[in-house]
Amino acid sequence: MSLNKRDLLTVLLVTIAVSSVVIGGASTANYFQFYSSLQQLQLNLVSLQWETNGTAIDALANFTIVNPTGYVGLNLKLFQGIFDIRGINSNVSVPFGALPLAEAQGPLGPGFARIVTIPIDAGGRQGLQANELLQNGDQIEFVFSIDLVLSTFLDKASGVSAAYECTGTSGPGTCEQLSVAVLTSSEGGGGGGGV
Amino acid sequence: MEAQSLRWFVATETRRSATLIILWANAMSFVLAQAVYQRTFLSAVDIVVLGAICFLAGMISLDLGRALLSYLGAMSIALVLLFILAMLPFATGSYAPEASTVMFQLWLSIIFTSVFPFNFIMLLVVSVLGSGFGEKYL
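These protein sequence lines map, in sequence, to chains E and H. All residue numbers for the first sequence refer to the numbering used here, where the first residue is 1 and numbers rise by one. All residue numbers for the second sequence refer to the numbering used here, where the first residue is 1 and numbers rise by one.
Among these hints, one or two may not hold up.
[Unchecked claim] If you want a taste of the chain E side facing chain H, the calculated C-beta under 10 Å gives, among others:
| no. | residue |
| --- | --- |
| 1 | Ser19 |
| 2 | Ile23 |
| 3 | Gln33 |
| 4 | Phe34 |
| 5 | Gln39 |
| 6 | Leu154 |
[Claimed, not checked] Every beta carbon over 12 Å from chain H, so not counted as near; a handful from chain E, in silico:
| no. | residue |
| --- | --- |
| 7 | Ala29 |
| 8 | Ala56 |
| 9 | Asp84 |
| 10 | Ile88 |
| 11 | Asn89 |
| 12 | Val92 |
| 13 | Ser93 |
| 14 | Val116 |
| 15 | Ile120 |
| 16 | Asp121 |
| 17 | Gly123 |
| 18 | Gln129 |
| 19 | Val143 |
| 20 | Ala157 |
| 21 | Thr169 |
None of these hints come from the bench; they were simulated from the model. Think of the CB as a built atom: it goes at the ideal place given N, C-alpha and C, for glycine as much as any other residue.
Please put together the full structure from these sequences, using the hints given.
Okay, structure coming up:
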């Protein structure tokens, strides 16, 4: 059976259609994991060490960010947050404001753990207040409210960030994802629930 | 035997047109998918590839009127398929309804601005040129 030019071009179009399904299918399969990767993105407070000199508290917090899914394309743009020191017995909370900015930018590949180390100098009036808690026999815990600002394929259309709350006394702590937000540029802000 | 059964798809002009629209829509849809699901918007390479697909499909259609209608049909199917694939993760019910609403609007905006109006018109023109080329040389 002989094929005319039109049939040959149709065969070529079939080949292109099949190739585009293979190439586009891989991107689509990766995209299908995008939202679950945001929902499952883990922030862990691996260790927290602190010491006091009576007026200020020096601490070192080590976090890891893990993407447990197979999604490729998540990048950490900014690690930002605030922290409080709270008296566990008295339930008194001393707000310290913003955490120092951490050098944490980079890709969050599948299964990869990005380490973020934050040195904290909790001094000033709040430092004295926190030390007062210790002097009164109270135990203190650090409460971190952290926003992970992410760079994704949606960057040109929207911003994505995940909010967490981490608490720890010393050693490893616990973190909980509070929300995932998708901010659309046209609205100035729009909610996207990951939780 | 297999060639005979494949022949069935192009045995009449109507079947050939239907086959063409499905192949055309399929090819465009997944070229658009690999672009928007990775970069949100189309790159110059994506536009060139889409242009090549439209030119080829226009050539196969041979007729200007049929090329126009086939293009409109294929583009509609491609965009609907692209949108359905974009919203498919939300069909599982694992996400908050607000998330679905925000992403629905966002994807509508992304897909619309990726294609309309410039790329849509340009690809239409390329399809028409392809049909003219096919009419003359096939």
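### Message
To test your reading of the hints: which numbers does this structure violate?
### Response
7 and 20
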